[in-house]
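A.B. asks: What follows is each chain in one-letter form.
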Amino acid sequence: MAFMMSPTSTSTRVSIAILTLVLASLWGCASSAPPRPAQRSFENVRRIAVVVTGESRFAVQENQAEPGKTFDEVLGWIPFKAPYWRPLADLVHKGINWLLESDRASTTSRHVSGISPTAAVSIVLSETLAASGRFAEIQMPEREPAGDERRRLDGIVRVTVPEWGIVRVREGEPDLHSGFADVRAELVARGSGAVLWETRQDVTNPERLPLASFKKDPEFTRQHLLDVLTRAGQRVANELLYAQGAGR
Amino acid sequence: MSTRAGRGFVLVVIALGVAGCATGLEVGYPESDANRALLASVPSRRVEMRTVTDRRIDTARVAVDRDGKDVVTARPVGDILAEALAIELAKNGHVVGAPGEVVLAADVEDVWLDMVRGHGRTQYVGKIVFTLTALDGRTGEQVMARRYIGTSRRRVEKPSDDAAREVLNAALARSIRDVATDPAMVAAFSRATAAAAPAR
Numbered sequence: 614m615a616f617m618m619s620p621t622s623t624s625t626r627v628s629i630a631i632l633t634l635v636l637a638s639l640w641g642c643a644s645s646a647p648p649r650p651a652q653r654s655f656e657n658v659r660r661i662a663v664v665v666t667g668e669s670r671f672a673v674q675e676n677q678a679e680p681g682k683t684f685d686e687v688l689g690w691i692p693f694k695a696p697y698w699r700p701l702a703d704l705v706h707k708g709i710n711w712l713l714e715s716d717r718a719s720t721t722s723r724h725v726s727g728i729s730p731t732a733a734v735s736i737v738l739s740e741t742l743a744a745s746g747r748f749a750e751i752q753m754p755e756r757e758p759a760g761d762e763r764r765r766l767d768g769i770v771r772v773t774v775p776e777w778g779i780v781r782v783r784e785g786e787p788d789l790h791s792g793f794a795d796v797r798a799e800l801v802a803r804g805s806g807a808v809l810w811e812t813r814q815d816v817t818n819p820e821r822l823p824l825a826s827f828k829k830d831p832e833f834t835r836q837h838l839l840d841v842l843t844r845a846g847q848r849v850a851n852e853l854l855y856a857q858g859a860g861r
Numbered sequence: 028m029s030t031r032a033g034r035g036f037v038l039v040v041i042a043l044g045v046a047g048c049a050t051g052l053e054v055g056y057p058e059s060d061a062n063r064a065l066l067a068s069v070p071s072r073r074v075e076m077r078t079v080t081d082r083r084i085d086t087a088r089v090a091v092d093r094d095g096k097d098v099v100t101a102r103p104v105g106d107i108l109a110e111a112l113a114i115e116l117a118k119n120g121h122v123v124g125a126p127g128e129v130v131l132a133a134d135v136e137d138v139w140l141d142m143v144r145g146h147g148r149t150q151y152v153g154k155i156v157f158t159l160t161a162l163d164g165r166t167g168e169q170v171m172a173r174r175y176i177g178t179s180r181r182r183v184e185k186p187s188d189d190a191a192r193e194v195l196n197a198a199l200a201r202s203i204r205d206v207a208t209d210p211a212m213v214a215a216f217s218r219a220t221a222a223a224a225p226a227r
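Chains as they are written, first to last, in my numbering: chain A, 614 to 861; chain B, 28 to 227.
Just so you know, not all the hints are guaranteed correct.
[What the hints assert, rightly or not] Computed footprint of chain B on chain A, listed as stretches where at least three residues anywhere in the stretch have a Cβ under 8 Å from a Cβ of chain B: (1) 654-668; (2) 770-782; (3) 805-817.
[To be verified] To give a feel for the contact side, a few chain A residues facing chain B, derived at Cβ under 8 Å: (4) Phe671; (5) Ala672; (6) Glu832; (7) Phe833; (8) Gln836; (9) Arg848; (10) Leu854; (11) Ala856.
[Stated by the list, open to error] If we take Cβ atoms under 7 Å as the criterion, some of the chain A residues that face chain B in the derived model are: (12) Ser826; (13) Tyr855; (14) Gly858.
Keep in mind the hints are simulated off the structure, nothing from the lab.
For every residue, glycine included, the Cβ atom is placed at its ideal position computed from N, Cα and C.
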């Protein structure tokens, strides 16, 4: 069967083809920025408690092409021994002392017993929020506040560090590694429990070193990890402060 | 439109489209992501932005891909940072222009993206490091010098330019938010005297 095509239909087909090609050529360049979640204003939240929640896991993320070559291999040199909890407490305890010795030690009642990486992040978070002058009161209670203690608050910031440790960040000879901390935080309104703000922050130490550097110098490793926990606390605080003005 | 003209146009469009995609990562800081932050707590200042200096050790690339090819940004990194800072300053109620009550000088120290192939996943780690120096526009006195570091780490199943760009965008956004929430920056703006002449 012969297929006849008029000049008009040819023109239409060419136009459609052009449009299709324009769209197709631009498709690959289109920005895929995720939609921004709606922010709730919390400028009137002036009295807060920063509360440590959840468990923390120390990890050495090798991201190898083949699975299985991970934590066991490094247990021999990592400056903490299993069970992980206790050595981490010691590690961060030293970090807390370091923070206490800093010139901003006057505020809050800090407890150094039962410390976790989350506590280290939370202390730096509290310090950074206090330095901003945006809050009338920042508490760091050992547990979720209750009763009168809770009633005097406007909001509660809950902080978790689900995972922290050392991650391989560059392939090469040798591979390079950095300290990292993954942090989750949320601000909830006292009373209603409404989540006013929440964030997930992946924090990576900007310095990269061969794994051998971490192996041979536990003190350096300790400082490197404390540095990333400090950065994590500041990062979460800055995100909270930044979001505070979102409703304006 | 004649068929011949249409074909020619199609070829031009394809060429432009491909060229647009091939020139590098479109890294930037969207205005819609900016908030009024601590930096908005000081009275509005006129801010003179000096040309951002690219002081990276390796200025030719921001990454090397799996095939060993250089990855670049679509625009110079200095322009990207200058635009991001200008957006943030404007959002916080300040006016960019000369002469300024505050003079800001920025040096880019590092922009880099690392890729690590893992077990079925690729990890990207992006880093942006720059220093900001603030001068009193009238006296030329340095009132602040700070280094800002933004990092972002993400694992994806399929490596792509989009993923790479988003990681660098996140690193940039974090560093800019650190600027806008830095009490030292707020103090520098507070100290800047009104009715200024630019520092030269």
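A.B. asks: None of the hints should be skipped; say for each whether it holds.
C.D. replies: Okay, the hints, checked on the actual structure:
no., hint, in the structure
1, 654-668, "violated (count 0)"
2, 770-782, "holds (count 3)"
3, 805-817, "holds (count 3)"
4, Phe671, "violated, 17 Å"
5, Ala672, "violated, 13 Å"
6, Glu832, "violated, 23 Å"
7, Phe833, "violated, 19 Å"
8, Gln836, "violated, 17 Å"
9, Arg848, "holds, 7 Å"
10, Leu854, "holds, 4 Å"
11, Ala856, "holds, 7 Å"
12, Ser826, "violated, 17 Å"
13, Tyr855, "holds, 5 Å"
14, Gly858, "holds, 4 Å"
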